[in-house]
Structures are given as structure tokens and as C-alpha cells.
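J.: Sequence:
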Amino acid sequence: MWWFQQGLSFLPVALVVWSAASFVFSYITAIVLHHVDPLVPYISDTGTIPPERCLFGIMLNVSTFLGMATMYVRYKQVSALSPGNPRILRLNKLGLTLGWMSCFGLCIIANFQKCILYYIHVLGACLTFGVGSIYMLVQTILSYLMQPELHSKDIFWARLAVFLWSCSSILSMFVSSVVLYSGLYGQNLVQKLHWEPQERGYTPHIISTVSEWSLAFSFLSFFLTYIRDFQKISLQAMVSLQGQTLHESPGSFRAEEQALLIAGSI
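Position 241, counted from 1, in the sequence shown is what full-length UniProt numbering calls 241; the numbers after and before it change by one each time, with no gaps.
Hints are computed from structural coordinates only; laboratory data are not their basis. The reader is advised that the hints may include incorrect statements.
Using 25 Å as the maximum straight-line C-alpha spacing, the simulated PhoX-like pairs for lysine-lysine come out as follows [what the hints assert, rightly or not]: (1) Lys232 x Lys76; (2) Lys153 x Lys76; (3) Lys232 x Lys153; (4) Lys153 x Lys93; (5) Lys93 x Lys76; (6) Lys93 x Lys232.
Have a look at the derived ranges for each label pair, beta carbon to beta carbon [what the hints assert, rightly or not]: (7) Pro50 x Ala20: 14 to 24 Å; (8) Phe104 x Gly186: 29 to 39 Å; (9) Gln191 x Phe65: 29 to 39 Å; (10) Tyr144 x Gly243: 45 to 55 Å.
Each residue gets a CB set at the ideal place from its N, CA and C atoms; glycine is no exception.
Modelling step: build the complete structure from the supplied sequences, incorporating the hints.
T.: The following block contains the structure:
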């Protein structure tokens, strides 16, 4: 059995590989069609013009589903490992809520392009990266609280390092974006897809785009730390049969279910 076949480790692996592929494929398509500059465009710029916009949207929608599934499995795992610790359980519920909010933001990014509905796109980015960073912080705190009995110290330090990486990327992107869009370098820069090195504002633009790519891959790196944990967990579906046919009334369902239970107990 391969390492990614153990337990549910395929979930974070699929999330990371699929999300990275959505960025790379959209980037390659946009470069081949000369829709953006080859040197580090914004990720959103690579999903603005058809056909890469269609590819970008549908692949990120799948990433949203994979992210929600991965975060839910993580939530169930922590709940099962620490059923008697109310502080961990509260943080775990908070983490799931924040994680799903971040996934909803990713869905917004996928379906509302920057050059068309800019403010909605920015809202999605704030949910994805801003709320997502808080999710990473909560999971890092959980890793700290669960060590050394349930978590190794290596995992805690790895998640802390990735969290600090994402925070530095957010800070760099925020500062450079504020400088770029302050009005000093012209208007309507949101719609600008091609930059020349000699243009004013090119340096903060490059800093901003590099920071965005760095932030995206810091998020993917965080989910890589789930692989070892997910190798030790599996999910099973329990089927409860409420009747032997599909055309009875609800009352007969209950009566037949009671009959089945009585017969089973005998």
C-alpha cells in the first residue's frame, strides 16, 4: 500500500495537488494565449479571460469541496481524540467554522473574477486568506495543546512555521497593494494585465504578485502537514434500514422498523 493510500491521507493530497494544478494550468493557458505577462502575474489575472477563466473557476470549485471535506475530517479526528477536553472541543468547532468560511471565500474567488466584480472578488480573497489564516492559527494552537500525548512536537513546529510564512506573505501583499493602488501610479490598475519593467509602480506590483503566490502555496503547505495525521483515520457509513420497500407511508415505516428490531432481538 502506497503512503497516500493509508487511511484518508488521499484527501489532503488531492486538495494540494488539485489546487496547485488549477493555478499552474490557468497560468500556462494565459501565458500561451498572451493574456498575461509570463513574469509572476496575479493568480486572479490568470483566471480572468476565457478560456482560462472557465478552467480556473471549475477547478477551484472542486478545490472548495476538497477543502471542506478535509477540514471536516480534521474536525472529527480532533473530536474523537479529545472528547473530554472542553477547551479543545470549542477551538475545534471554531476551526471548522473558520475553515468552511475560508472555503466559501475560495468559491467566491472562483466565480467572481477580479476585472468584472472587483469588490466581491476582494471579499472572497479576504475570506479565503484572512479567515483562512485564523483557521491555520487555531489548528496550530490545537496541535500545541495536544502535544506530546496526541501530537508530536515536529508537527506543531511545522504548522507554526507555515503559519508565520502565511502571515509574512499577507503583510507583504497588503503593504505593496496599498502602495500600488494608492493613486500614485495611475488609475484603473485593477484592469491592467500587462506590465513593463520601466513602468512606474512595477516594483510594488511584482512584490504584491510574488507575495500572493507565496501566500497561496503557504496554504497548500499547511494542508500537507495533515497527511501523517490522516493516515491514522478512516470513516465508515452506517446504514439504518427503515423499511423493506419504498412505497409505504411513514407510519408503516415506523411499524416495520419496530418489527425488524424485535425480530433482530429474538
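J.: Could you work out which of the previously given hints the structure breaks and list their numbers from low to high?
T.: No hint contradicted; all consistent.
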